[in-house]
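Colleague: Sequence:
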Amino acid sequence: MVEHDGLMRVFWPTDIRRSDRAGVVVGWRNSTLDVFVVTILEYVDAHNVEFHLKSGTFFRSGPHSPNRIYDLCGHSSMHVLGVANVSSQTEVDPSWVCAKTSASSQYPRIACAKASSVQLILYDRPHPKGMQYISLNPIALALGDKGSFPDDVTSGEDDSEEAKHAAANKENRRKLVEKLKQHSIIKRIPSARDKALPKIVNQVNWSWELEQVLQQNVGRLGPRPKRGLSVSERVVESATTMRNYVLVQLWTLLSVYLFPIVQQAFILVLFFHRVLAEILLIILEFRAKPGYAALKDISATAQQIEIRLQQFCYWPMQYVTLRQRKANWASVTTSHPDYIRFYNSLWLVANDVIIGMAVGSYIIEHKEWVADQIRDLLRVYTVEALQSGISWLMGWPAGLKLNGELAAFLGDLFLWVIDYWSSK
Numbered sequence: 001m002v003e004h005d006g007l008m009r010v011f012w013p014t015d016i017r018r019s020d021r022a023g024v025v026v027g028w029r030n031s032t033l034d035v036f037v038v039t040i041l042e043y044v045d046a047h048n049v050e051f052h053l054k055s056g057t058f059f060r061s062g063p064h065s066p067n068r069i070y071d072l073c074g075h076s077s078m079h080v081l082g083v084a085n086v087s088s089q090t091e092v093d094p095s096w097v098c099a100k101t102s103a104s105s106q107y108p109r110i111a112c113a114k115a116s117s118v119q120l121i122l123y124d125r126p127h128p129k130g131m132q133y134i135s136l137n138p139i140a141l142a143l144g145d146k147g148s149f150p151d152d153v154t155s156g157e158d159d160s161e162e163a164k165h166a167a168a169n170k171e172n173r174r175k176l177v178e179k180l181k182q183h184s185i186i187k188r189i190p191s192a193r194d195k196a197l198p199k200i201v202n203q204v205n206w207s208w209e210l211e212q213v214l215q216q217n218v219g220r221l222g223p224r225p226k227r228g229l230s231v232s233e234r235v236v237e238s239a240t241t242m243r244n245y246v247l248v249q250l251w252t253l254l255s256v257y258l259f260p261i262v263q264q265a266f267i268l269v270l271f272f273h274r275v276l277a278e279i280l281l282i283i284l285e286f287r288a289k290p291g292y293a294a295l296k297d298i299s300a301t302a303q304q305i306e307i308r309l310q311q312f313c314y315w316p317m318q319y320v321t322l323r324q325r326k327a328n329w330a331s332v333t334t335s336h337p338d339y340i341r342f343y344n345s346l347w348l349v350a351n352d353v354i355i356g357m358a359v360g361s362y363i364i365e366h367k368e369w370v371a372d373q374i375r376d377l378l379r380v381y382t383v384e385a386l387q388s389g390i391s392w393l394m395g396w397p398a399g400l401k402l403n404g405e406l407a408a409f410l411g412d413l414f415l416w417v418i419d420y421w422s423s424k
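Under my numbering, think of the first position of the sequence shown as 1, with each following residue one higher.
Check the hints yourself; a few may be wrong.
[As the list claims (entries may be wrong)] In silico DSBU-like cross-links for lysine-lysine, where the CA-CA straight-line distance does not exceed 30 Å: (1) Lys129 with Lys114; (2) Lys199 with Lys181; (3) Lys129 with Lys54.
[Said to hold, decoys possible] Pairwise CB distance ranges (calculated): (4) Asn172 with Asn344: 30 to 36 Å; (5) Asp372 with Leu295: 56 to 62 Å; (6) His336 with Met242: 40 to 46 Å.
Simulated from the structure, these hints should not be mistaken for laboratory data.
C-beta: ideal position from N, C-alpha, C; glycine also.
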């Protein structure tokens, strides 16, 4: 990234520690005048931190490999960006930032020898444990296998007018968008900083987890003296070792003998239910001829059953995907849509069951009152309302003078039919 205006961009987290103690600013250096701050390590040497960042000392005890971090953030290692609250700046590298922070000030004061001006950009860290992240594209919540269908399925299996009209509108919108792209008046060439935006977005998403890892492992930089254990500490260590041994043996017994049996039984039951679900889906989607409607198209109940069966068939794949999420860093956001889809479908099914049980139990407990209310509603709207309407038409409705003899004959006839029907 090449800068021509001497403006330095500094991305600074809003929740970083604010104190007047000396420290080293660590983060990502996207270019000489474009830096992204992750954290401030206190009471450490800047050159020592730079060496350990390149050697990967901070990630040796990490749960996963840091290669995924480097690939997404666009660098081979993290960098020392500068120093904070130093008394003398004579030994500071000219490309480093010099930050002044204090507990009373919300914003730091940034200076750099190579920059003519500094632009401070504050950002809030997304919390990956809470599945928070920012993205340049909207999240896709549609089922993953929806886009794998061929384009001619709709035209071959669903020849309804609504489907054809929707497909035609979609094609027209696509053509209109292509025409708009061709007739753009001004098309600015993206700069190097614009092209770096996806990389900066990934750095924002990884900022919280990286700060936790760096702060937890900052003690590895200096020597740590060891001392011998006391008698009480040795007793506690022996008791802990014995307890851990017993727990390991019990867990081995369960995982080797009991868990495989339960797992195989559960897989067989799940496979049996999956076969039944697939058979029901074939029945619901069966068409006598390509142009005929399926059972799901003419029955709302069948349509709801099909949706629930599809969700049931998709749950195992979603669960396997979510289990793989734990094998990577929490800041990896590729499985978040699957997580949302999985628990959204679970909540929809649970919501249907809860509402159905609540309504059913209420009807059973108040069955006499519910029956009386339904009977009264049917009598009012199917008998009394019709009788009053016919009686009104037998007179002079709205001031219109009708054939009195014919109106009386037809009115008495319909009133007799209604009375006979209501008495049955």
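Colleague: So, for every hint listed, does it hold in this structure?
Modeller: Evaluated hints:
{"no.": "1", "hint": "Lys129 with Lys114", "verdict": "violated (38 Å)"}
{"no.": "2", "hint": "Lys199 with Lys181", "verdict": "holds (26 Å)"}
{"no.": "3", "hint": "Lys129 with Lys54", "verdict": "holds (27 Å)"}
{"no.": "4", "hint": "Asn172 with Asn344: 30 to 36 Å", "verdict": "holds (32 Å)"}
{"no.": "5", "hint": "Asp372 with Leu295: 56 to 62 Å", "verdict": "violated (36 Å)"}
{"no.": "6", "hint": "His336 with Met242: 40 to 46 Å", "verdict": "holds (42 Å)"}
In this structure, the hints that do not hold are numbers 1 and 5, in rising order.
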